[in-house]
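Chains as they are written, first to last, in the working numbering: chain P, -6 to 294; chain S, 58 to 344; chain W, 379 to 594.
Just to be clear, a hint being listed does not mean it is correct.
Stated by the list, open to error - Covered by chain W, according to a simulated footprint, are these stretches of chain S (three or more residues, beta-carbon under 8 Å):
{"#": "1", "segment": "227 to 241"}
{"#": "2", "segment": "247 to 258"}
Stated by the list, open to error - Simulated restraints, written as ranges between beta carbons of each label pair:
{"#": "3", "chain 1": "S", "residue 1": "D210", "chain 2": "P", "residue 2": "L11", "range": "51 to 59 Å"}
{"#": "4", "chain 1": "P", "residue 1": "T178", "chain 2": "S", "residue 2": "G99", "range": "52 to 60 Å"}
{"#": "5", "chain 1": "P", "residue 1": "W47", "chain 2": "W", "residue 2": "P514", "range": "55 to 63 Å"}
{"#": "6", "chain 1": "S", "residue 1": "A168", "chain 2": "W", "residue 2": "V517", "range": "50 to 58 Å"}
Claimed, not checked - Simulated pairs of lysine-lysine, DSS-like, Cα-Cα distance not exceeding 27 Å:
{"#": "7", "chain 1": "S", "residue 1": "K186", "chain 2": "S", "residue 2": "K206"}
{"#": "8", "chain 1": "S", "residue 1": "K186", "chain 2": "S", "residue 2": "K314"}
{"#": "9", "chain 1": "S", "residue 1": "K206", "chain 2": "P", "residue 2": "K228"}
{"#": "10", "chain 1": "S", "residue 1": "K314", "chain 2": "P", "residue 2": "K228"}
{"#": "11", "chain 1": "S", "residue 1": "K140", "chain 2": "P", "residue 2": "K51"}
{"#": "12", "chain 1": "P", "residue 1": "K228", "chain 2": "S", "residue 2": "K221"}
{"#": "13", "chain 1": "P", "residue 1": "K51", "chain 2": "S", "residue 2": "K206"}
{"#": "14", "chain 1": "P", "residue 1": "K51", "chain 2": "S", "residue 2": "K327"}
{"#": "15", "chain 1": "S", "residue 1": "K221", "chain 2": "S", "residue 2": "K206"}
{"#": "16", "chain 1": "S", "residue 1": "K314", "chain 2": "S", "residue 2": "K140"}
Please keep in mind that the hints were generated in silico from the structure rather than gathered at the bench. From the three backbone atoms N, C-alpha and C, an ideal C-beta is built for every residue, glycine too.
The chain contents come next:
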Amino acid sequence: MSSVLYDAPGPVARRRELWGSVIGTLVILGALFLAARYAAGRGVFQADRWDVLWDPPKGQSAGAVWRSILVNGLGATLRAAAIAAPLALVLGLLLAVWRRAANAVVRAPAIAVVELFRGLPVLVVMFFGWVGFGMKPMQAVIFGLVLYNMAIIAEILRAGLAALPRGQAEASLAIGMTRWQTLRTVELPQAVRTMTPSLVAQLVVLLKDSSLGFIIGYPELLRAIQNNTQYFGQKYSVALFAVGALVYLAINISLSRLAVRLQRRGSKRTAGAIDGQRAAAELPAGAVVLDPAAGRDRMGP
Amino acid sequence: MRTHVARTAALAAAALLALGACASDNGGGGGGGATAGDFPEGSTMARLAEAGAVKVGTKFDQPLFGLVGPDGVPEGFDVEIAKIIASELGIGEDGITWEETVSAVREDAIANGTVDFVVATYTINDTRKEKISFAGPYYVAGQALLTLKENTDIQGVDDIAGKKICTVSGSTPEQNLLENYPEAEVVPFAAYSDCLEPLRNNQVDAISTDNVILAGFAAENDDLEVRGDQFTDEPYGIGLAKDDTDFRNFINDVLEKAYEDGRWAEAWEKTAGTVLPTPEPPAVDRY
Amino acid sequence: MDIFVDNLPAYWSGFRVTLLLTLYSGAASLVVGAVLAAFRVAPLRPLRIFATTYVEVFRNTPLTLVFFGMVLVAPQFGIIPPLGFWTAVLCLTLYTSAFVSEALRSGINSVGVGQAEAARAIGLTFGQSLTLVILPQAVRTVIPPLINVIIALAKNTSVAAGFATVELLASGRRLTQAYPGEGMLIFAGVAAFYLLFTIPAGLLATSIEKKVAFAR
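Just chain P, same shape as in the assembly (with noise of 0.2 Å):
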């Protein structure tokens, strides 16, 4: 891989290079070598404490263990999730509208409402409806996700809709438009085009925080694992959290893909980057300023 930051390699700082790589890829490997042998003799990988995945103990069946965790955990992540988005974006819509409301009465509270929700953790406003409203857990924690995750997409919206050039909206004055018309047909759909991979991004942490629900007691992927923990004994747990991070990581993964696949859609050809290396994908080149979504609020637990 080249990059500007140094010469295409000669035979002697390839030699090098191939020194550098064999000794850090010993390196590193030998570190998991020693952990995996102290957990070995720990008696993490024996069979028997991971037979909860093909035959688990107390005449559960390997299928009810894996549709806890699959169907009903990981179910459970997916439809707060599927329930919050929607909403979330519906909200940030409005907010990001009567953000940019000529009138102050408008105005203002969206203001308050955006920064007070990008302000505070997702948890505390879980917690607020969990403990403060009484509601159910499945209910605090979309109620956390929704106004939280709108408030950002508030601000998304907001640094779309300011990306624009001036001309649109004066081009759509000059014909005739209403602001609201002008806002509906034109603004707004090239606002959201051009902000879809920040859009997407933030769905992504909106269900990467589903996670929260497990401090709250909502029975989402990771209490899941907890309770079959306890179901079945503490011998379990490396067995059932490697299967519950996995699953994480790779529907967490698929989503950020896509939303980098969306966004080299949509970007123009650079002359690249300084590493050489494709941008990342909340953070391309340039956008630090454009998002300023990128960074605080993407970075929920």
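Starting from the structure of chain P, add chains S and W where the hints point.
Only chains S and W this time, still in chain P's reference frame:
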């Protein structure tokens, strides 16, 4: 234009989905001999018997009292007591919808009608009586300590000064420790089961909560044992709406009946009795 | 209102822990994140692979899962960090450094390619180009996203409430036990404390962003 219509349709669909997801299930009725006519008109009992369905709040993660397996149905002593009450209303097991009520939300779940009553290792105390009312008690537990068998430092509650005691954040045992044993260091987690691994790794010295919950853990794990006597009295009651005196009297009657005819003892032996000796049923408190 | 005033010490001690968590994890993440960013652009392939894997894994894992793994699974592998505060710092650092490294990398990429080419053209090595030419320019662009990452970190410390750390959210939860039925008021207080940190920090980030933005 098209996207606008599509978006409105999506919003409507999402709203419908949300409503559907939040609405509770009503299972079919069945079993039991009582009918709606046996109860005074307008009472909770008549309403539930007529609907043939009842919503019960219980714990899903307490061994012996309310523990849910992969099939999603909880089992335990609290569950059995709830089933007895339901059967006296003419509602069979399929008519019961089980809701998980963790400690922090029990009062609110009753207040906003998410559940009809709560049987969830629910300690009766006066602060709670301001918001809801209690039938029972149906069992008296007590706070105790669980340690590793090989750890002999802690033999009872007098030894916990300076030690790390694990418990659940926002629970009564945590509050009791903070108020009455300030020399002990309280380590809070989101659930009791999260405390087990740190105990095994000596990151905490003991777990403290009601002795029956600890006994459940000790039964499942050979390397742990309950230490010392209980140092509080935790009467477990059935939580229900504050001013529903008729319902409370009804449940108290059911409990006393179950004490007499052996159903209470049978429920105990099926669940907690596998690990703990069968105690005498406590006298119900009609206040 | 009285609840809030009477229990100000409890709120304050929780808030202090939150601030300390943010401080330590933030500092550590900046260091680790910088190292990871350097790995990602380094000439050695294993370093690049290691850093890319690390970043991809931690960006796609929920923080709750990281905590869960560290507290309940890592001990099985012999990794037993001191429970509570330092475990939280460790988990938060592992998680946040991935985001720091991505912010730094985008900062490096935002410096015009011509700068790097010119540095090579006058014969600077990889290390020299990075430290003398690229990074000083990247710092300007990188500060607002880094502030945003720190704000997110401060909010993420709330997850530690479920795992043996008595920070602001956990303190609030203890109070709801002492005052059942006053949950809304108590958590409004919790929210106020979080906003005390995040809103000023957000304003700072926006103002710096406006100052460093310039046409490319």
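Outcome of the hint check:
no.: 1; hint: 227 to 241; in the structure: holds (count 6)
no.: 2; hint: 247 to 258; in the structure: holds (count 6)
no.: 3; hint: S:D210 <-> P:L11: 51 to 59 Å; in the structure: holds (56 Å)
no.: 4; hint: P:T178 <-> S:G99: 52 to 60 Å; in the structure: holds (57 Å)
no.: 5; hint: P:W47 <-> W:P514: 55 to 63 Å; in the structure: holds (57 Å)
no.: 6; hint: S:A168 <-> W:V517: 50 to 58 Å; in the structure: holds (54 Å)
no.: 7; hint: S:K186 <-> S:K206; in the structure: violated (38 Å)
no.: 8; hint: S:K186 <-> S:K314; in the structure: holds (24 Å)
no.: 9; hint: S:K206 <-> P:K228; in the structure: holds (18 Å)
no.: 10; hint: S:K314 <-> P:K228; in the structure: violated (42 Å)
no.: 11; hint: S:K140 <-> P:K51; in the structure: holds (23 Å)
no.: 12; hint: P:K228 <-> S:K221; in the structure: holds (24 Å)
no.: 13; hint: P:K51 <-> S:K206; in the structure: holds (25 Å)
no.: 14; hint: P:K51 <-> S:K327; in the structure: holds (16 Å)
no.: 15; hint: S:K221 <-> S:K206; in the structure: holds (16 Å)
no.: 16; hint: S:K314 <-> S:K140; in the structure: holds (14 Å)
Violated hints, listed in ascending order, are 7, 10; each of the other numbered hints is respected by the structure.
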